[in-house]
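Asks: Sequence:
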Amino acid sequence: MTKDSVALTNSVTVINDALKHVKTHRSIAENSGTSQRTATHFLQRVINSLTGKIELSATQATAHLLNKPSFLSSKTHFFCFIRAAIAHVKQKKLLGRKSESRRESASSDDEKDCEDSIIPRSVRDSSATPRYGSAPIYMINGKPTSIAHHTHYAFRNGDLQHLSYYEYTGIITVVFKRVSTSGKSNSSSVDDQISNVSTDNSSPSEKKGRKRNETFDLYQRHPLHTTHTQELRSLQQTPVLAGGPPSRYPGPRPAN
Numbered sequence: 001m002t003k004d005s006v007a008l009t010n011s012v013t014v015i016n017d018a019l020k021h022v023k024t025h026r027s028i029a030e031n032s033g034t035s036q037r038t039a040t041h042f043l044q045r046v047i048n049s050l051t052g053k054i055e056l057s058a059t060q061a062t063a064h065l066l067n068k069p070s071f072l073s074s075k076t077h078f079f080c081f082i083r084a085a086i087a088h089v090k091q092k093k094l095l096g097r098k099s100e101s102r103r104e105s106a107s108s109d110d111e112k113d114c115e116d117s118i119i120p121r122s123v124r125d126s127s128a129t130p131r132y133g134s135a136p137i138y139m140i141n142g143k144p145t146s147i148a149h150h151t152h153y154a155f156r157n158g159d160l161q162h163l164s165y166y167e168y169t170g171i172i173t174v175v176f177k178r179v180s181t182s183g184k185s186n187s188s189s190v191d192d193q194i195s196n197v198s199t200d201n202s203s204p205s206e207k208k209g210r211k212r213n214e215t216f217d218l219y220q221r222h223p224l225h226t227t228h229t230q231e232l233r234s235l236q237q238t239p240v241l242a243g244g245p246p247s248r249y250p251g252p253r254p255a256n
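Numbered by UniProt numbering, the letters in the sequence shown go through residues 1 to 256 in order.
One should not assume that every hint holds.
As the list claims (entries may be wrong) - In silico DSSO-like links for lysine-lysine, alpha-carbon gap of 27 Å or less:
| id | residue 1 | residue 2 |
| --- | --- | --- |
| 1 | Lys92 | Lys23 |
| 2 | Lys143 | Lys177 |
| 3 | Lys68 | Lys23 |
| 4 | Lys211 | Lys75 |
| 5 | Lys177 | Lys211 |
No lab work stands behind these hints: they were computed from the structure.
What you are looking at is a predicted structure, and each value in this text was computed from that prediction instead of being measured.
Using the sequences and the accompanying hints, generate a full structural model.
Replies: Encoded structure:
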């Protein structure tokens with residue numbers, strides 16, 4: 001192992017500080033007090049001081065000046081509010097399974113049941129527990145609606161039933177459905193990125209580039225079934241389990 005060269009002028013102060021340190025803080029080794037141990041202690045202190053002053057690389061210095069975080073990673077992360085998902089499952093278990101007659105009731109009742117399952121209690125009633133963490137806002141019929149990510153997982157279709165919630169979070173994203181239109185110019189790359197419109201009518205063998213990511217429809221009872229779809233991510237994200245524990249209930253819980 002080699003050490004980078006250091007200017008001699010930098011060594012004078014380091015040597016003086018090392019001498020003071022050796023005199024103040026004696027070695028606790030078995031041969032403490034001997035000339036060999038004192039010299040070893042002194043030289044080791046000098047080497048550590050010299051190398052410690054130059055271990056900040058140019059990349060680290062640049063990142064610090066640009067206010068970058070203390071670590072850099074090529075991976076992307078996605079916050080997975082696992083406690084919110086667990087609270088949702090517990091709440092559904094307490095409510096029990098719906099009877100067959102209620103499932104076959106009027107469509108208005110089905111929509112209400114679906115809304116009760118979709119919208120977290122923390123959104124409908126700020127005083128209710130448990131809290132559901134962060135949930136994206138979607139516009140449904142002109143009305144902003146908060147839909148938690150674990151709700152997408154609950155309403156995934158049969159093709160994704162084998163995925164766990166952790167796996168689903170890392171490889172699946174919910175996006176707008178692609179709208180196929182005719183007569184649109186292929187040169188409008190910006191619009192293609194926004195609406196994901198495919199205007200290439202050539203055969204599959206003549207198409208170039210990477211194939212589109214596979215998509216999976218949401219369950220029909222999901223309020224975003226007609227406008228959104230589930231799509232495989234181009235780059236798998238690393239789920240980060242987030243969300244603090246729920247606050248303790250103030251006093252004894254009610255019997256009901």
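Asks: So, for every hint listed, does it hold in this structure?
Replies: Right, here's what the structure says about each hint:
no. : hint            : in the structure
1   : Lys92 / Lys23   : 69 Å, violated
2   : Lys143 / Lys177 : 19 Å, holds
3   : Lys68 / Lys23   : 41 Å, violated
4   : Lys211 / Lys75  : 22 Å, holds
5   : Lys177 / Lys211 : 16 Å, holds
Hint check: violations occur at hints 1 and 3; the rest are consistent with the structure.
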